[in-house]
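**Student:** So you can see what is in the structure, the chains are spelled out below.
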Amino acid sequence: MIQLKNIEKYFRSGLSKTYILKNIDLTIEEGEFVTIMGPSGAGKSTLLNILGMLEEPTDGEYHFFDEPVHKLRERKRNDIHKHYMGFVFQAYHLIDELTVYENIETPLLYRKVKSKDRQSMVAEVLDRFNMVAKKDLFPNQLSGGQQQLVGIARAIISKPKLILADEPTGNLHTKQGEEIMELFKKLNKEDGVTIVQVTHSEKNAQYGDRVINLLDGWVATDEKTNQ
Amino acid sequence: MFKNYLKIALRHISRNKAYVFINVIGLGIALACSMIAFVNWQQGATADKYHVKHKQIFRILANAVGANNLQGNVETPLGTRPVADIEGVIAGVRYENNGVIIQNGNDVFNENLNVADGNFLDVFTFPLIAGDANAMKDPSKILITEKTAKKYFSDEDPIGQILTINPGQESQREFAVGAVLKDVPSNSCFDFDFLTNIAYVESGPSPDTLENWKTRIAATFLVLKDPNQKQEIEAQLAQYIPLQNAVPNTSTRAKYFLQPLREVFMDVDVHNNWIDEAVHPAFYWGPGLMALLILLTACLNFTNTTISFSNKRLKEMGVRKVMGGGRLQLMLQLLGESLVVCILAAGVGVILAEYLTPLYNQMWSDVGLDLSLDYLNNKGLLLFLFLAIVGTAFLGGAYPAFYISSFKPTHIFRGNTKFGGDNWLVRSLLGLQIVISLIAIIGGVTFAQNATFQKNTALGYNVESIINVNLDGKKHFQNFKNLISENPDIQGITGSYNNLGFGEWWSNIGKVEDNRSAQMQYIGANFLEVMDMELLAGRTFDEKLETDFDESIIINEKLAAMQNWNNPVGEQLELSGKNYNVIGLAKDFYANSFFSKPTPGIFMFRKPERLRTMKIKVPSSKLIATNKFLKEKWAAAFPLVPFSSFYQDETLAEALKISENIAVIYAFLAIVTVLLSAFGLFSLVSLNVLKRAKEIAVRRVLGASSENITYTINKHYFLVFLVSGIIGGVVGSWNALFLTEQIFEVYNGINKLSVVLCVLGICLIGLLTIGGKIFGVLRTNPAETLKSE
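Those sequence lines, one after another, are chains X and P.
Start counting the first sequence at 59; every next residue gets the next number (our numbering).
Start counting the second sequence at 13; every next residue gets the next number (our numbering).
Hint data in this document are derived by calculation from the structure and do not stem from the laboratory.
Certain hints may be false.
[What the hints assert, rightly or not] Okay, derived cross-link-like pairs now, BS3-like style, lysine-lysine, Cα gap no bigger than 25 Å in a straight line:
(1) X:LYS172 x P:LYS19
(2) X:LYS192 x P:LYS15
(3) X:LYS172 x P:LYS267
(4) X:LYS129 x P:LYS226
(5) P:LYS226 x X:LYS193
(6) P:LYS420 x X:LYS170
(7) X:LYS75 x P:LYS19
(8) P:LYS420 x X:LYS219
(9) P:LYS226 x P:LYS194
(10) P:LYS267 x P:LYS19
This structure is a prediction, so every number in the text was calculated from the model and none was measured.
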């Protein structure tokens, strides 16, 4: 599904280059649940953003389903981004002015889904996440865990092939975190959604089936979990 | 999608009430002003265009040999001869004003009876409401306007009613109402209530005036078959010059010109423009300029506050981008939100305009301004409103939309994006607002000072304590003078033919080729004494000397200077082919209020029976009481002639009114722009403080004083104020001076101290705005800020 070849990301300052990512070769198959770990500043989020096409690598090749992303025009990249990917953030990043229902609906609007279909799709997700009663509330009326649930609901509403999650439980307490991770696992196993998450927590990493450790922009280790 | 955007726009609006309120009000006021200015401009732009044949109609103008001023009154045969002689001239119409008394039952009114050739209604378009348009061709018929019909006959059918003109006088005539015409639009070069066939002119004591090169008539229009032939026909009109110049005792014509009808209304430079007073073009573009300034300020404020408040939107934009929203979609969303604000503003504007329009009309009631916001029938206005809304939304919203949607979501989420409040664009927009505010303030102050200056400037004659009584008929002067002389308040009585300060009367002097002209004042005995005009040399006219009526003139300094006479008394001056002796030299005076500088002037002596105005001098505290006394005496003596009087100071009224009105408009503009600028500044400073809350707290913990903090945070704004204060002062002075120069020839100019005070004033407002915010920040405990970080 994803193939990174010699991906590099660096900033030039004067004559020297400051590397954020260096020499990343990585293949992710469809259906995998990958965890990216590493200390602060190791380049985890940058790697995730590159995978999600929010950032461009300075160098290297990125193939997504055999499409050479690094050669694509922005429009086409946006298309792939729009149709295959869902994002979950540590800080949820819900739109404060929109209700739960409208937040979940937003990605569909950008995919030009018809109004009727939108209604049934949102209703289905709300039902699945047991949030029907909260659909008219605004984000600031929800707890952190609930907000993250909305964030995930929003990420999966358009049935993406890949979910990219940047410390999805970072702002949550343990119990809520566990629920969210269970949900990811379920999505991965039952719906076959590929998931790439960034986390600091060893425990969360165990929900997935592969852990990539980054260190100073390098891939230090890449191993299967005990699962 | 659209619903979603609208929803978020409305929620955004409801959560930023202050931002929306200020912008809706600001833009609303701006749009209201723009609409009024637009309708006002439309009036000027469409003046006289309602005549179906307006493109073919031309007015004949003439100038004297070598003279550079054009005259509006031309010889009567020019209305008929060219039609017969020149190919391409289809018709000619002459038009004239006559002051008459009209009797209706027991009531008498002073009215203007306008006369025109029988084809007047064929050439000009004045829709008929009742009766028969052919009445224009019938000398026994009179045509009246709708409002006149209401005034005289209220609900009765006016057609066939009899109106008596000049009752009890030799010139008494009776007319039957033949037709009722729609009221003349205020943007017409004509202004009549009563209209009759031109034959009326010859029915009086002077027959044979209509085909006589000696007589001139207020206006003559020619209808050309092809307007492009203007030049050729103009050239052919030259054939009449020898005919006219052969007449003795008239000024000599050099050339005849054709002026397109649409230019007549606003041509203030034509002398002897007796159809109706022309309106200065600045009257039509001036308000537009001001409205544009308000609109610009409101837009700048809109842009500025949108950018300032957009920090709140950044996260949303980032999320939307990650969710798959394209940049164009986001820009459209943001522009849509601007549009919503502008539509709300337009709502406020439309309501406001309803209130402002009558006020504005009232301000200019002297000009007969009659603006109305007729949305249903005025397609131009609707189009303007639509364009104004869309244009404002775009102008105010485009840059923020472009800017906010440009950020990368990863930057936004990381918090790297430093945004809002402080960038050079926002600061220069603020600076521009300050400049506009200063233009408004300086304009207002200048015109207010100008009004005071003009009020205090001596015109060179008595304006404070003179009552003018219009005399109608020949014997009134002496009779009335005898009747009122007993009143002890009356300090002096004189009279004049034309009226000093009200209208101009130019005559050519000297030989034709000299190309010189002067303003004539035809006066009665004691005029200079009663009017407090100073005689510098020689003597005044003497009633006992018969020759003074025929051979003597008094001139003013300007004329003496023009003739290079150091000692003018005893010199001779040629006027219309006849020599006059200069018997006195008078001090210069302003014959036309402040609209022109003192001009060369000539006083000629007239016998009492030829005077049309009696001038009565009383102490200025007794003006009203004496006027009442005069009215009673008049009513008893001349029951058939309505009493009509006016105070001499009305000559100043127009100039003062203009100065004061413009000062009021500028004051309004100043209040709006200053408030908007202050709010814009406040939101910028607030945002800046918010963004730098942590820095401020840390600095304070490290021991920075209040002054240090205030300076650190606001040093940019100090610079903005300094720069825009200088620019605003210069541009504001220039603008105010330009406008006064356009309107007046006699004016106060710019008071430098006032300009400096204006600049300091706006800086003070800015300082207070900043200070108010900073004071709040300095009162909070820095520990609180740091805790919440």
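**Student:** If a hint holds in the structure, say so; if it does not, say that too.
**Tutor:** Going down the list of hints, with the structure as the test:
With a C-alpha separation of about 18 Å, the suggested pair LYS172 of chain X and LYS19 of chain P falls inside the 25 Å cut-off, and the hint holds. Distance restraint check for LYS192 of chain X and LYS15 of chain P: the Cα-Cα separation of roughly 21 Å lies within the 25 Å cut-off, and the hinted pair is therefore satisfied. Annotation: proposed proximity of LYS172 of chain X to LYS267 of chain P is violated, straight-line Cα distance about 77 Å (limit 25 Å). The suggested pairing of LYS129 of chain X with LYS226 of chain P is violated, with an alpha-carbon distance near 92 Å, which exceeds 25 Å.
Restraint check: the Cα-Cα separation between LYS226 of chain P and LYS193 of chain X comes to about 93 Å, which exceeds 25 Å; the hinted pair is violated. Taking the CA atoms of LYS420 of chain P and LYS170 of chain X, the gap is about 23 Å. The hint holds against a cut of 25 Å. With a C-alpha separation of about 47 Å, the suggested pair LYS75 of chain X and LYS19 of chain P falls outside the 25 Å cut-off, and the hint is violated. Using a Cα cut-off of 25 Å, the hinted pair LYS420 of chain P and LYS219 of chain X holds, with the two alpha carbons roughly 23 Å apart.
Distance check on the hinted pair: LYS226 of chain P and LYS194 of chain P sit about 35 Å apart at the alpha-carbon level, beyond 25 Å; violated. Note on LYS267 of chain P and LYS19 of chain P: the hinted pairing is violated, with a Cα-Cα distance of about 70 Å set against a maximum of 25 Å.
Of the hints listed earlier, those the structure fails to meet are numbers 3, 4, 5, 7, 9 and 10, in rising order.
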